[in-house]
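*Asks:* If you read the sequences in order, they're chains A and B. My numbering runs 60 ahead of the 1-based position in the first sequence. My numbering runs 17 ahead of the 1-based position in the second sequence.
Don't read these hints as lab results, they were simulated from the structure. Treat the hints with caution; some may be incorrect.
Each computed EDC-like pair below joins lysine to aspartate or glutamate, with the alpha-carbon atoms no more than 20 Å apart [said to hold, decoys possible]: (1) A:LYS148 / B:ASP33; (2) A:LYS263 / B:ASP73; (3) A:LYS140 / B:GLU29; (4) B:LYS86 / B:GLU160; (5) B:LYS82 / A:ASP261; (6) B:LYS86 / A:GLU89; (7) A:LYS263 / B:GLU260; (8) B:LYS82 / A:GLU72; (9) A:LYS272 / B:GLU162; (10) B:LYS137 / B:ASP101; (11) B:LYS237 / A:ASP110; (12) B:LYS19 / A:GLU144; (13) A:LYS272 / B:GLU89; (14) B:LYS137 / B:GLU89; (15) B:LYS86 / A:GLU122; (16) A:LYS263 / B:ASP165; (17) A:LYS266 / B:GLU160; (18) B:LYS19 / A:ASP95; (19) A:LYS263 / B:GLU160; (20) A:LYS266 / B:ASP73; (21) B:LYS19 / A:ASP348.
Given the structure is predicted, the values throughout are model-derived calculations rather than measurements.
The primary structure of each chain is shown beneath.
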Amino acid sequence: MGRLNVNLCGIEIDNPIIPASGTFGFGYEFAQAYDINCLGTFSFKGTTKDARFGNPTPRIAECYAGMINAVGLQNPGVHKVISEELPKLSKCFNKPVMANISGFAVEDYAYTCEMLDKESQVGWLEVNVSCPNVHGGGMSFGTSPEAAAEVVRAVKAVTTKPVIVKLSPNVTDIVAIAKACEDAGADGISLINTMLGMRIDLKTRKPVIANKMGGFSGPAIFPVAVRMVYQVANAVKIPVIGMGGVSSAEDVIEMMLAGATAVEVGAANLINPYACRDIINDLPRVMDKYGIDNLNDIIGGVK
Amino acid sequence: MKQGIFKISLNEKLVDNVYKMVLQGDTSDITACGQFINIQLDGLYLRRPISVCDCDDTSVTIIYKVVGKGTEQMAKMTVGETLDVLTGLGNGYDLSTSGDKPLLLGGGVGVPPLYMLAKKLIASGKKVSVILGFNTASEVFYEQEFKDLGCDVTVTTVDGSYGTKGFVTGAYPEDYTYFYTCGPEPMLKAIYKTAETNGQMSFEERMGCGFGACMGCSCKTIAGYKRICKDGPVMLKEEILWED
């Protein structure tokens with residue numbers, strides 16, 4: 061067992077570095093830049109029951125130490141993901157992949173998860189509960205412990221793969237939501253999704269993004285992410301994946317000290333396509349610097 | 018796509034707010050005219066995508082307009098400073114459909130990517146007509162450079178202070194076999210409606226990554242959803258769907 065190995069919900073991974081959903085597509089763009097088999101795994105583009113174009117453009121805005129995106133879950137739908145994307149992916153990635161799933165009704169989540177449960181390359185199902193519930197007045201599933209738990213129960217009923225619930229930080233009490241997901245049978249929690257943000261163009265006096273608001277990510281949100289990972293990891297017994305502005309091997313270690321078993325890297329991939337490879341290569345050096353023999357020794361090291 | 022460190026060997030003002038920069042480095046991934054590079058700048062999170070004006074084995078030329086913090090910072094940089102650049106982004110123009118008398122139409126800072134295209138078309142024996150559109154005389158650049166390549170050049174200005182008064186669409190030559198264009202979207206729309214042949218149009222959009230990962234710059238086309246950064250920025254006239 062190497063010093064970077066961790067066990068994520070029953071599956072051993074070579075290192076804890078996981079490109080986050082929405083920043084890594086289905087891997088091919090990055091596979092052209094480097095061998096993506098160096099990754100622990102990666103979380104593929106958020107997939108829904110039906111194909112989606114997403115929001116109008118502009119979808120991207122620059123921020124201090126970060127960016128806002130309002131892509132709106134553009135994806136080809138679960139059937140095309142299975143028939144077209146996964147066969148292509150299997151040619152450039154030979155490890156279990158994390159399937160990221162979104163939905164707008166509990167039944168949609170269950171349907172998409174049931175489809176992906178049959179795919180052998182899918183190791184984990186990461187369920188994004190930040191989407192609006194069309195039958196619940198448009199409130200995000202992830203803002204209510206009951207609604208989030210309902211999604212978890214529906215998904216767990218149709219799969220034997222580990223279910224990781226990806227939580228939104230745009231809530232009053234993230235611990236209550238995490239605990240509700242754990243009680244409903246979730247095998248892991250990943251957090252934080254992007255924070256709701258907005259930019260205004262001074263020349264046009266209009267929002268920069270066509271959708272007005274979007275998800276703020278990048279190094280600017282890292283302290284918020286560390287705080288929430290710490291709070292959730294101390295409240296649940298299941299593994300936690302930390303994410304939010306992670307950009308360096310030092311950030312990875314900080315997340316793990318806060319309680320993360322693995323760490324997702326998002327926006328950093330977009331400005332440096334080699335970000336995850338560079339972080340993995342740099343981890344042993346930074347571990348040596350801080351006297352860490354094995355990453356498992358530091359998970360939740362801060363009490 | 019390739020990441021590299023490039024050294025600035027020239028950074029000069031062409032006209033008000035428009036600068037020409039030459040960067041020395043590994044250009045091996047720049048394989049087509051009309052591609053772009055994505056530049057990282059100090060203190061700014063997202064890279065800045067700028068079209069390639071010209072390139073050879075060791076250098077790449079870009080022309081950029083100062084429109085915000087990123088380009089302001091670039092304008093202040095001096096010879097010898099370095100930039101972290103992603104090269105070889107985007108599809109670029111397809112020269113194979115040009116016919117014998119291709120027409121190139123550029124508007125403002127949409128002019129630069131047409132330069133290398135004109136150079137390649139001339140080198141392959143085509144008779145190239147170029148229409149360069151600007152708002153006013155003080156904005157005009159690269160007229161002589163296109164003439165030096167051997168192109169038949171027409172300059173239009175909206176206010177008539179230089180060249181032909183009006184828009185590029187008022188200056189079509191009598192005879193052309195195909196068109197290539199880059200410029201502001203209203204210009205592209207006008208060309209779409211008035212050009213007599215098929216052609217290729219280069220689009221612009223706010224991008225996240227610039228290499229096809231984030232879906233930040235998607236658009237709808239007759240051929241399905243495309244990413245302007247990866248499947249574009251050049252689209253065929255016949256596949257374009259105008260949204261409004």
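*Asks:* Compare the structure with each hint and give your call.
*Replies:* Hints, verified against the model:
Between A:LYS148 and B:ASP33 the CA atoms are separated by roughly 48 Å; this puts the pair beyond 20 Å, and the hint is violated. With a CA separation close to 38 Å, the supplied pair A:LYS263 and B:ASP73 exceeds the 20 Å bound. Distance check on the hinted pair: A:LYS140 and B:GLU29 sit about 49 Å apart at the alpha-carbon level, beyond 20 Å; violated. Our distance criterion of 20 Å between C-alpha atoms is broken by B:LYS86 and B:GLU160, whose separation comes to about 28 Å.
Between B:LYS82 and A:ASP261, the direct Cα distance comes to roughly 18 Å. Compliance with the 20 Å bound is thereby established for this hinted pair. Among the hinted pairs, B:LYS86 with A:GLU89 is inconsistent with the structure: their alpha-carbon atoms are about 28 Å apart, more than 20 Å. At most 20 Å may separate the alpha-carbon atoms for a hinted pair to count; A:LYS263 and B:GLU260 exceed this at roughly 24 Å. Restraint check for B:LYS82 and A:GLU72: not satisfied, since their Cα atoms lie roughly 51 Å apart, outside the 20 Å limit.
As the CA atoms of A:LYS272 and B:GLU162 are separated by approximately 42 Å, the hinted pair breaks the 20 Å bound. Taking the CA atoms of B:LYS137 and B:ASP101, the gap is about 27 Å. The hint is violated against a cut of 20 Å. Between B:LYS237 and A:ASP110 the CA atoms are separated by roughly 17 Å; this keeps the pair inside 20 Å, and the hint holds. Between the alpha carbons of B:LYS19 and A:GLU144 the distance comes to roughly 27 Å, so the proposed pair goes past 20 Å and is violated.
Straight-line distance between C-alpha atoms of A:LYS272 and B:GLU89 comes to about 26 Å, which puts the hinted pair past the 20 Å bound. Between B:LYS137 and B:GLU89 the alpha-carbon distance is near 31 Å, which puts this suggested pair outside the 20 Å criterion. This hinted pair checks out: B:LYS86 and A:GLU122 have alpha carbons roughly 11 Å apart, not beyond 20 Å. Of the pairs offered as hints, the one joining A:LYS263 and B:ASP165 is violated, with about 38 Å between alpha carbons and a cut-off of 20 Å exceeded.
For the given pair, A:LYS266 sits about 36 Å from B:GLU160 by alpha-carbon distance, which is inconsistent with the 20 Å threshold. Annotation: proposed proximity of B:LYS19 to A:ASP95 holds, straight-line Cα distance about 14 Å (limit 20 Å). With a CA separation close to 31 Å, the supplied pair A:LYS263 and B:GLU160 exceeds the 20 Å bound. Taking the CA atoms of A:LYS266 and B:ASP73, the gap is near 41 Å; set against the 20 Å cutoff, the hint is violated.
The hinted pair formed by B:LYS19 and A:ASP348 fails the criterion: a straight-line CA distance of about 31 Å is larger than 20 Å.
Hints 1, 2, 3, 4, 6, 7, 8, 9, 10, 12, 13, 14, 16, 17, 19, 20, 21, counting from the list given before, are not met by this structure.
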